[in-house]
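Student: Model the full structure from these sequences, guided by the hints.
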Amino acid sequence: MENTILVVEDETPLQEAIKAKLLNSGFEVTTARTVGQALGVLEDVGGISVIWLDHYLLGKEDGLDFVAKLKNDDKWKSIPVFVVSNTASPDKVKSYISLGVSKYYTKSDYRLDQIIADIKEFLDKKE
Amino acid sequence: MDLFVYNIIYFLSIVLAVGLLFFLLRRKSQSKIVKELVWLNFGAIVWFAVDFLTLAEKFSNEVHIIIWKLGFVLSFSLVVLLLRFIVIFTQTNILNWKKYTGLLIYFVLVFFTLFTDQVIAGVRPLLFAGDSNYVIGEYFVVMAVVMSIALFLSFYYILKKLVSIQDQTQKIKFRRLAIALAVLFIFVFITNLAFPMFGIPIPRLAALGIIFLLIFFTYSIFKSDTFGMNFRGFKIRTKIILPIILTAIIVLSAASAYSYFFTVKILKQEAISHLETTAQLVHRHIENILSNKKEKLEIAATHSDLSQEELQTILNINEGFYELFVLDSNGIIISSSDISHIGLDQSNDDYFVNGKNASYIKPAYFSDTSKKESIAIATPHAGGVLVARVGLEFFNSIVSDRTGLGETGEILLAYKDKNGDAVFFTERKFEEVKKEEDSKDFQTLPMDEALLKKEKVFLSLHDYRHVGVISVTRYIDEVEIGIVVKIDEQEAFAPATGLLNFFIIRFFIVLFLFFIITYIISGKISKPIILLQKGIGIIKKGNLDHKVGTQKKDEVGELSRAFDEMTTSIKQSQLEVETKVQEQTKEISKNAQNLANQQKAILNILEDVEEEKIKVSHERDKIDAILYSIGDAVFVVNKNLRITMINQIAVDMAACSIDQCINQSYYEHLKFVHEKDGKLNDKFIKDAIKTGEVQEMANHTLLISSDGKKTPVADSAAPLKDKDGKVIGCVVVFRDVTHERQIDQAKTEFVSLASHQLRTPLSTINWYAEMLLAGDAGKITEDQKKYLDEIYKGNQRMVGLVNALLNVSRLELGTFTIEPEMANIIDIAKSVLNEQKQNIKKKQLVINETYDVTLPKMSIDTKLTRIIFQNLISNAVKYTPEKGKISIKIEKLNEDVLIQVADTGMGIPKLQQKKIFEKLFRADNVRETDTEGTGLGLYIIKSILDNTGGKVWFESVEKKGTSFSATIPLSGMQSKKGTKELS
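Residue numbers (our numbering), protein chains in the order written: chain W, 21 to 147; chain L, 3 to 985.
Heads up, none of these hints are tricks.
Once the Cα atoms are required to be at most 25 angstroms apart in a straight line, the calculated SDA-like pairs of lysine to any residue come out as:
| no. | chain 1 | residue 1 | chain 2 | residue 2 |
| --- | --- | --- | --- | --- |
| 1 | L | LYS295 | L | ASP419 |
| 2 | L | LYS431 | L | GLU493 |
| 3 | L | LYS681 | L | GLU698 |
| 4 | L | LYS795 | W | ILE136 |
| 5 | L | LYS781 | W | ILE136 |
| 6 | W | LYS123 | L | SER833 |
| 7 | W | LYS123 | L | GLN798 |
| 8 | L | LYS832 | W | ALA137 |
| 9 | L | LYS832 | W | GLN134 |
| 10 | L | LYS787 | W | ALA137 |
| 11 | W | LYS114 | L | GLU751 |
| 12 | L | LYS431 | L | ASP419 |
| 13 | L | LYS839 | W | ILE136 |
| 14 | L | LYS795 | W | ASP133 |
| 15 | L | LYS880 | L | ILE849 |
| 16 | L | LYS295 | L | HIS285 |
| 17 | L | LYS961 | L | ILE849 |
| 18 | W | LYS123 | L | HIS758 |
| 19 | L | LYS865 | W | ILE135 |
| 20 | W | LYS112 | L | THR864 |
| 21 | W | LYS114 | L | HIS702 |
| 22 | L | LYS961 | L | ARG924 |
| 23 | L | LYS681 | W | ASP111 |
| 24 | W | LYS123 | L | THR819 |
| 25 | L | LYS787 | W | ASP133 |
| 26 | W | LYS114 | L | ARG868 |
| 27 | W | LYS114 | L | GLU677 |
| 28 | W | LYS146 | W | ASP133 |
| 29 | L | LYS526 | L | ILE540 |
| 30 | L | LYS843 | W | ARG131 |
| 31 | L | LYS681 | L | ASP717 |
| 32 | W | LYS112 | L | ASN701 |
| 33 | L | LYS418 | L | ARG404 |
| 34 | L | LYS795 | W | GLN134 |
| 35 | W | LYS39 | L | HIS758 |
| 36 | L | LYS641 | L | TYR630 |
| 37 | W | LYS112 | L | ALA825 |
| 38 | L | LYS865 | W | PRO110 |
| 39 | L | LYS978 | W | ASP111 |
| 40 | L | LYS843 | W | ALA137 |
Read the hints as simulated data drawn from the structure, not as lab findings.
Tutor: Spelled out as structure tokens, the structure:
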């Protein structure tokens, strides 16, 4: 079965790149640009096995708010979250980690295929 | 080789050995080895001298054999002595006689050689240099074998030692020993023992062997600093005597030699001219006799008929003729004084053939007819020939007259017989000595030269007795007779020999006189000096009353007197010094009194000062005025933390009045708290009073005013001390840092924003390029791939640059965090190295890791530590050419951990080394070869280490490599709160 990944990223060109690469790597991909959209996707589409999350998003809420909501909901609590952001203040990273995200990446320092490989490996292990 | 050459060799050997002996004896330190060398050398000299004198035929055979044996024993004593230095005695171990085994062998050999004929049977006469000079005995072989085994063993042990030994100086020593033994073996053993054993007649080469040995000794002693400056100096007396005696020896020898050789030359000339005159006389005499006899015969031939009686009559009146006979025209004897010869046919004889027409003399020959050595004279007579035979013994009367020829001089006459041998027909003075068959070296006899028609002077030819003679030769063609007039060289030169003896005696007498005179004179010169020397010795011991007291009027006398005067003046000045010391002691005690007085005066002044103090208090008002006008908030507390002084700005910030504050505890009005938790934070004031040192206020301190207003403040507390350095209070200065905080905040936000905003587009480029390269948008051509690669790489560099810039701004803003945790520094190093694995592999670099595994875990910020390693290692990898070497070392260094990364890369140019830690600086050589660096890495390392108590430095040689060293305190890094981590 193909894994479905939710990509939460506000920057369109980046989002498209992520999507294309994930599709090429055999993922089903859905996207969102705000926390609201993301929650909507989770609610409406369902079957999301992993989330790709940026910190700064459109709208007032950011990635941290989203993760906080996820972890408070029993339905989505177990979905692994990979934060891929350029904002690397230690406080934020700590907050994310304490909330239970799987891994934190600095965008510009990683290749797409590296992150995707990590996600795949993570999912394989889980299964 | 000529005997002469041997004499030269021996002579040189003696000179060499004597020279060596001189140096050995003049050595200051007479160590055991030196003493042994002295004896060895002395032995060698004796041996050389013996052979030298033997060659010069100064010994009779019996004496010779004894001395020669002694010399032989000495020669192998030499060998054994040398062996003593070496190992043979310690190596051979029979019956536990370690030391004595060799000596025993030696004494047995010496005994047999000296006291029996078993080893050396005899010594041969030394006529020729090539002759074997001793006859070997029955046990000679045994001795040779024993000696050669000893030698061989020594040689073997030395070689073994030489191969196994490690120490260089020892090696040199053993190499020298090995060479010595090899020389010994080849020249002494082979020439002196092996050759005679097999009857090979060249033992004289032993002399050469000894020379080599001596040269080696010289070298060896030279090497052990024998000829160094380590000599005893000559005494003055010797210095005076030696050159005079040496000069005398040279002059006397030259004069004596000249006189001698001049005399010999004159004597030789005289002898030769005398011999020549005699020879000429003999020559003429014989010619006269012959012409006289011929005339007589011609007169007799005028008689028509010569009967036997008539021939007899003629014979009787002519001395010398012993037979007369007449030949008819057919050559038949028809008449003769000897009747028995009548009828003999002489037609083939020379005198008939040549005498028919004119008078003829037949040269000396042996007459078969009359069995006599004769000359025949023939003259024509009545169609036939008249012949007279003259007996050669007739000439005895000529040679018997040896007037003026001395003891050994004589005249010899001879003719050559049919075999070409000389036939002496006159009487000789001495018995002939037969030639020895095997002696081919005999010189040609003077007579042989004469019969070869040579008319010459010969020096040093041997005569029929094998005695050297001076000879003059003549030849009478008509009768083919050779004349030799000769005299023994010894007799001819006897006056010269006498003269030589006289010269030698004179030489020694004069030398002795010279010695006596110079000895006395030098004594006169050296005696006062010795007296002076003794005097100095006495005075040196402290007796200044001693006087050398020389009355002489020469330089030494003057010197002595000057010395005496000097002693007197020293004594005088000593007295003066004593007086002066006493005076100065007085002066000093006087000064001490003055000083005490001065002290009192100072105390008085101090009292005055106290009064002044009161005046000073008025000055305080002025200080207050100054204090109030300072821009920063200032207050002063006493030891009890009560405010003694406070300025307006301080009370404004605290929202109270000056009067309220004075004499109150400061914390009543001025509350310093931590920004975070609101807890009291006035430790810095108490610390300043406690420690007596300036204390900084902690970061993020707030001042809470009496009306509850919070103001962020910063600054310090400084202790106030009295004149004794005792802390009596503290000055606290602080200022409102609200504005500074705002600026900081703005900066931090800018960095944060920049980091996000700059990185987002970079990520976009990054990922799209990555996807294009991965073929996610369809296949791409090689060129496209190449260009995309460049885009990707360029972008990566941009990312790196942005990261580095962000780090730099955080470091500069001080907004970065230091979060120490217990970690193993070696693990961090290994992990960073692992990241670089691909680059290392690509460049085939050799990595050398040295870690002190006993290092404990340390409290360090792993991110910062990682940044340090990343920069150091990536630099090393980047700037080291292919197949280069990188060494990474982590170890304890005093109270720190030392990290060292050394490479064999391009290095840092000397002139730019100072700038290497500056921001954005890149050395010329790396800028030329690599465009990727940011010039920030080392700056970041230095900033981090400056902030964490570490240090960084380096050593570098351009084109050779660079070694970076960094230290981090073992105690770890201090925690620091900031808004940003470095990435």
